[in-house]
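This is what each chain is made of:
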Amino acid sequence: MVRQLVALLGIEDERLALEWVSSAEAARFAEVVTSFTQKIKELGKSPLRLAA
Amino acid sequence: MNIEGLVNETKAYYCLDCGVCTGSCPVARYSPSFSPRLMVEKALMGKAEDFLRDQDVWSCLTCARCTHRCPANIDYLEFARGIREEALKLDNKGIPAHSGMFQSIMGIQTSGIKQDRIAWAKEAGSIADKGEYFYFVGCLPYFNVIFANFPSQPLDIGRNVIKILNKLGIEPVVSNDEKCCGHDMLWNGELETFKKLAAANIEVIKEAGSKKVIFHCPEGYFIFKNYYTKYFGDLGFDVIHFYDFLAEKLKAGELTLEKSNGRVTYQDPCRLGRLAGIYESPRDIINGVATSFVEMERSGENSVCCGTTGWMNCSTCSKEIQGNRLKESMATGADTLITACPKCNIHFSCAASFIEGIDIKIKDLTEMVVTAMNGG
Numbered sequence: 001m002v003r004q005l006v007a008l009l010g011i012e013d014e015r016l017a018l019e020w021v022s023s024a025e026a027a028r029f030a031e032v033v034t035s036f037t038q039k040i041k042e043l044g045k046s047p048l049r050l051a052a
Numbered sequence: 001m002n003i004e005g006l007v008n009e010t011k012a013y014y015c016l017d018c019g020v021c022t023g024s025c026p027v028a029r030y031s032p033s034f035s036p037r038l039m040v041e042k043a044l045m046g047k048a049e050d051f052l053r054d055q056d057v058w059s060c061l062t063c064a065r066c067t068h069r070c071p072a073n074i075d076y077l078e079f080a081r082g083i084r085e086e087a088l089k090l091d092n093k094g095i096p097a098h099s100g101m102f103q104s105i106m107g108i109q110t111s112g113i114k115q116d117r118i119a120w121a122k123e124a125g126s127i128a129d130k131g132e133y134f135y136f137v138g139c140l141p142y143f144n145v146i147f148a149n150f151p152s153q154p155l156d157i158g159r160n161v162i163k164i165l166n167k168l169g170i171e172p173v174v175s176n177d178e179k180c181c182g183h184d185m186l187w188n189g190e191l192e193t194f195k196k197l198a199a200a201n202i203e204v205i206k207e208a209g210s211k212k213v214i215f216h217c218p219e220g221y222f223i224f225k226n227y228y229t230k231y232f233g234d235l236g237f238d239v240i241h242f243y244d245f246l247a248e249k250l251k252a253g254e255l256t257l258e259k260s261n262g263r264v265t266y267q268d269p270c271r272l273g274r275l276a277g278i279y280e281s282p283r284d285i286i287n288g289v290a291t292s293f294v295e296m297e298r299s300g301e302n303s304v305c306c307g308t309t310g311w312m313n314c315s316t317c318s319k320e321i322q323g324n325r326l327k328e329s330m331a332t333g334a335d336t337l338i339t340a341c342p343k344c345n346i347h348f349s350c351a352a353s354f355i356e357g358i359d360i361k362i363k364d365l366t367e368m369v370v371t372a373m374n375g376g
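These protein sequences, in sequence, are chains Y and R.
Mapping of the first sequence onto our numbering: residues 1 to 52, in sequence order.
Mapping of the second sequence onto our numbering: residues 1 to 376, in sequence order.
Keeping only pairs whose Cα atoms sit at most 30 Å apart, straight-line, the calculated DSS-like set for lysine-lysine is:
#, chain 1, residue 1, chain 2, residue 2
1, R, Lys114, Y, Lys39
2, R, Lys196, R, Lys130
3, R, Lys211, R, Lys114
4, R, Lys196, R, Lys93
5, R, Lys114, R, Lys225
6, Y, Lys45, R, Lys195
7, R, Lys251, R, Lys361
8, R, Lys114, Y, Lys41
9, Y, Lys45, R, Lys196
10, R, Lys114, Y, Lys45
Cβ-to-Cβ under 10 Å is the rule here; a few derived chain R residues that face chain Y:
#, residue
11, Met101
12, Ile105
13, Gln109
14, Ser111
15, Ile113
16, Lys114
17, Gln115
18, Asp116
19, Arg117
20, Pro141
21, Tyr142
22, Asn144
23, Val145
24, Ile146
25, Ala148
26, Asn176
Because the hints were derived from the structure by calculation, they are not lab data.
All C-beta atoms in this analysis are idealised placements derived from N, C-alpha and C, irrespective of residue type, glycine included.
Construct all of the structure, not just a fragment, from the sequences and the given hints.
The following block contains the structure:
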C-alpha cells in the first residue's frame, strides 16, 4: 500500500525498501542498511526536498 | 486568532444558553462529556484553557447541525475551527485516524512534488489538458489505495463522473498537478497548510484555462466556494457542483435515464446539504434513476453526519453514530443507501463491515446514474 501511495505522490520506487532482519542477524542488518544508504546517495536528493 | 477575537468573529457572545446546540449534536448524544454549549460558555467566561487541552476540541464533526439550529446564529463551525488553531499552539493535536497517514499525504502535497495520479482517468474516458471544464477529482486516487479492500472502489466515482461528462459531450481537464483541496487541513487547525494547497490549486486551474470547475466531492465544492474566495478573493472561474450541473442537464433533456427497480434512500452529506444548501439536485437525480425513493426519518437539513470528519478522532462514538444511521436507513425499507460524498460512502462501508445486523447496499449516486444511463 505504501508503495502505491509513494508512486501517486511521484516519489521513486527505489527510495522505499522493506526487509526482514532478525535480531540475531547483526551482520545482515549492517549490510542492508549500508547498501540502502549507498543507493539513496547515488539517487541524490529526493523530489520532496527538491520541491521544497 | 485568540479566543476573544474568535468570540467576536463568531458572535458567540449572543449565546442564549438554550442548549439547542448540545441537544442537536450527534457526538453529545453518544459521548455526554462533549458539549458545544459548554465550550461556548467557557470561552465567554474567559476559561477556554479548561477545554483547549482536552481531546473534546477534536470531537466536533463540524456537521453544522448546531450552527443551523442556533437561535442566536452563532457560527459554531468557525468557532470549532478557531479553537483547534489555539489547541495546536498548546500542543493538543488530537488523535488522527489511520495513524495520521492522511495528514502526511496532505502535507507532502504542499511541497510541490510532481504527482502521478491520473492514469485511471485516461482509461475511464476522454480527458483534456486544457479546456473550459475542469473536473476537480480530490483525494479519490489516494482513497482508492487506502480503502482497496472495501466493496466499492472510491475511484469508481471519478470514473463515473468522467463517463457522465463525456456522455454530455464534455471532455474535462483532469490534472496531475491538482493538490489536496485543503479542507481537512483547515479543519485540523492548519490554516497555513490550507493556504499553500489552495494557492497551488488556483494556479493549476488558471493554467488549464478553465472557467468552470466541477466538483463531485462536497468538501472540495464547499471549501472552494467559501474559503478559497474568503482568502483569495475572486477566483476567475465558476465553482459548480456536479449534481447541480447534472440536474440541469436532465431537466433540459440532454441525458435520458432508465429507472431501475428497488427502493432507495439518501444520505445528505453535511457539506452538500446544510453547508452548501444543495438538497434538491441529488433528489431530482435520484428520482430519475430509481422507481422508489424514500426519505429517512432525519433528512435534508436534519440529516445526521456520517460520524467522522477531517480524519480526526474516529472513535466508538463515530461507530455508534454510523451504526444508528445505517439502522435508520434500513428502517425505511430501502435496499440501497445512496451516498453523495466519497467519505460518507467510506465511513458507512466501514461500519457496515463489522456492525451486526446491518443489511443494506451502500452506493454512490454516480454509480446509479451510470447504470441508468446504460439502460437501467
